[in-house]
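*Asks:* Respectively, the protein sequence lines represent chains F and R. Per this note's numbering, the very first residue in the first sequence carries number 1; after that it's consecutive. Per this note's numbering, the very first residue in the second sequence carries number 1; after that it's consecutive.
It is worth saying that the hints were derived from the structure and are not from the lab. Where is the CB? At the ideal position from N, CA and C, for every residue including glycine. Don't take each hint at face value.
Said to hold, decoys possible - Within a straight-line C-alpha distance of at most 35 Å, the following computed DSBU-like cross-link-like pairs (lysine-lysine) qualify:
#1 F/Lys160 x R/Lys172
#2 F/Lys137 x R/Lys99
#3 R/Lys167 x F/Lys164
What the hints assert, rightly or not - Which residues of chain F face chain R? A few of them, derived with a C-beta cut under 7 Å, are:
#4 Arg38
#5 Ala54
#6 Val69
#7 Gly71
#8 Glu74
#9 Val75
#10 Asp77
#11 Ala78
#12 Asn143
#13 Lys145
Said to hold, decoys possible - So, partial list: chain R residues that the calculated Cβ filter (under 7 Å) puts toward chain F:
#14 Ser128
#15 Thr154
#16 Ile160
#17 Ala164
#18 Asn188
#19 Val193
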Amino acid sequence: MKIMAFATLAALLAWTMPAIAKDAEPQFKSVEAKHFPRAEGVELTPAFSDYLYAELRAELTKAKLFGQVIGEDEVVDAADAPKSLVIVGTITEYKKGSVVKDALIGFGAGMRSLKVDANVARRSDQQNLAAIHVHVKVSPRWNEKIMARAAAKDIVKQVKNSLKATKAS
Amino acid sequence: MCFRRVVPMQCCISVLCALASITAAADDPKPTPENTIHVQLADPVKPQAFSRPLKFFLVDVVDRSGAAQPMMVFKPRGGIFLDHTPSEITRTGLETCLKSANMLAAERDSADLLLTVYLFNFGLSDSSGMDFFGKVEFAVTLKNPKTAKSQQITASGTSIAGAAIRKKNIQKNVQEDIERAFADAVRNLLRGVKLRDAVVALDVPPELPASPAQPAAVPAPPATEKPPAAG
């Protein structure tokens with residue numbers, strides 16, 4: 001019985017060790033997120049862009065796909081450039097929404113919405129690895145920064161899926 | 001109906017309410033050892049390598065945030081205060097990083113480049129309400145004392161930390177958040193492309209004779225020396 005238990009434990013350890021080792025080395029050395037500029041006609045405060053940038057960096061750190069989430073315009077070693085990514089994007093549309101429509105009609109009417117387009121490129125050759133389109137809708141009663149948070153989560157989720165798909169293919 | 005007992009009671013309650021509200025309004029948070037945090041860089045940021053070894057001298061750190069109480073970073077729940085001014089924290093942080101890489105000049109005359117930091121934001125900024133948004137923002141004027149040419153660069157750092165309910169946890173999260181934002185800003189400055197470009201533009205190799213300072217020939221607008229406060 002004891003031998004069986006030891007064997008099971010050893011098998012379990014042998015099975016989990018590669019997974020632990022795999023976590024130790026992320027797929028990419030670094031990622032740099034840039035501030036997303038606003039397209040013409042998008043009426044959002046500059047503070048929103050800062051907040052979206054901070055949320056995006058926080059979500060990228062949580063994703064554990066990258067060894068390091070570096071700041072905007074930071075120097076990267078030439079040797080690390082092929083394994084480094086840059087995320088650039090634009091806030092293409094923002095609709096403020098209407099509390100009245102939301103209250104009277106509901107079913108998505110009068111929602112506050114944000115559209116963001118982003119590209120993930122390899123730093124060394126600027127090869128585009130993923131094109132991301134995010135459309136976030138929240139209640140018009142909510143703070144616009146909650147929308148930034150939702151957008152950042154969505155962007156990172158799509159980045160993760162795209163990179164996994166690229167790796168698999 | 002007899003109102004004789006009710007009216008004095010109502011008056012007393014009204015007076016008590018008024019007194020309580022006046023006391024609350026007058027109670028601006030005050031720094032105490034319990035609500036004071038110490039912000040510093042966890043590890044010194046390693047600056048980027050330049051084409052030749054350079055020495056920097058930190059001339060001054062000027063607070064341009066315009067905050068009435070620069071040391072108060074969080075007002076609700078009795079407030080959270082910094083133990084040093086943002087200028088002192090920034091100066092200490094930058095000097096530690098430069099010293100760790102042997103890039104800090106002992107005195108002004110021996111420096112290759114002089115740094116003057118203008119601090120625009122240090123602490124927490126408006127967030128979604130579900131977290132803390134730490135933000136540190138400054139502009140740095142680099143000046144070559146030999147040529148008197150100067151250039152200005154900006155650096156910023158942000159960080160997001162989770163909200164908390166208990167005062168102790170709020171204080172911990174705010175401290176971590178500001179420390180991360182500060183480290184991010186210092187890193188953005190010392191490892192940034194902007195610093196590299198500014199150094200390339202301003203640095204004069206030692207073998208070349210440096211041209212003397214010609215204030216009339218060098219178009220150095222006053223805005224470069226003293227940047228306006230960020231809006």
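*Asks:* Confirm or reject each hint.
*Replies:* We went through each hint and held it up to the structure:
1. Our distance criterion of 35 Å between C-alpha atoms is met by F/Lys160 and R/Lys172, whose separation comes to about 31 Å.
2. The suggested pairing of F/Lys137 with R/Lys99 is violated, with an alpha-carbon distance near 49 Å, which exceeds 35 Å.
3. A threshold of 35 Å between alpha carbons decides the hint, and for R/Lys167 with F/Lys164 the separation of about 41 Å lies outside it, so the pair is violated.
4. Against a cut-off of 7 Å between C-beta atoms, the interface hint on F/Arg38 is violated, since the closest Cβ of chain R lies about 17 Å away.
5. At its closest, the beta carbon of F/Ala54 sits 4 Å from a beta carbon of chain R; the interface hint therefore holds under the 7 Å criterion.
6. Taking 7 Å as the C-beta cut-off, the interface hint given for F/Val69 is violated, the closest approach to chain R being about 10 Å.
7. For F/Gly71, the interface hint holds, the least distance from its beta-carbon to any beta-carbon of chain R being 4 Å, beneath 7 Å.
8. Taking 7 Å as the C-beta cut-off, the interface hint given for F/Glu74 holds, the closest approach to chain R being about 5 Å.
9. With its C-beta approaching chain R no nearer than about 5 Å, F/Val75 sits inside the 7 Å limit, and its interface hint holds.
10. Interface hint status for F/Asp77: violated, as the beta-carbon distance to the closest one in chain R is roughly 10 Å, over 7 Å.
11. The interface hint given for F/Ala78 is violated, since its Cβ lies 12 Å from the closest Cβ of chain R, which is over the 7 Å cut-off.
12. Contact between F/Asn143 and chain R, as hinted, is supported at the beta carbon level, the nearest pair being about 5 Å apart and thus within 7 Å.
13. Given hint, F/Lys145 at the interface with chain R, holds; its Cβ is 4 Å from that chain's nearest Cβ, closer than 7 Å.
14. At its closest, the beta carbon of R/Ser128 sits 4 Å from a beta carbon of chain F; the interface hint therefore holds under the 7 Å criterion.
15. For R/Thr154, the suggested interface contact is broken, since its CB lies about 10 Å from the closest CB of chain F, more than 7 Å.
16. Look at R/Ile160: its Cβ gets to within about 4 Å of chain F, closer than 7 Å, so that hint holds up.
17. The closest approach between the C-beta of R/Ala164 and any C-beta of chain F is roughly 16 Å, which is over the 7 Å cut-off, so the hint fails.
18. Of the supplied interface hints, the one on R/Asn188 holds, with its beta-carbon coming within about 4 Å of a beta-carbon of chain F, less than 7 Å.
19. Evaluation of the R/Val193 hint against chain F yields a held restraint, the C-beta minimum of about 5 Å falling below 7 Å.
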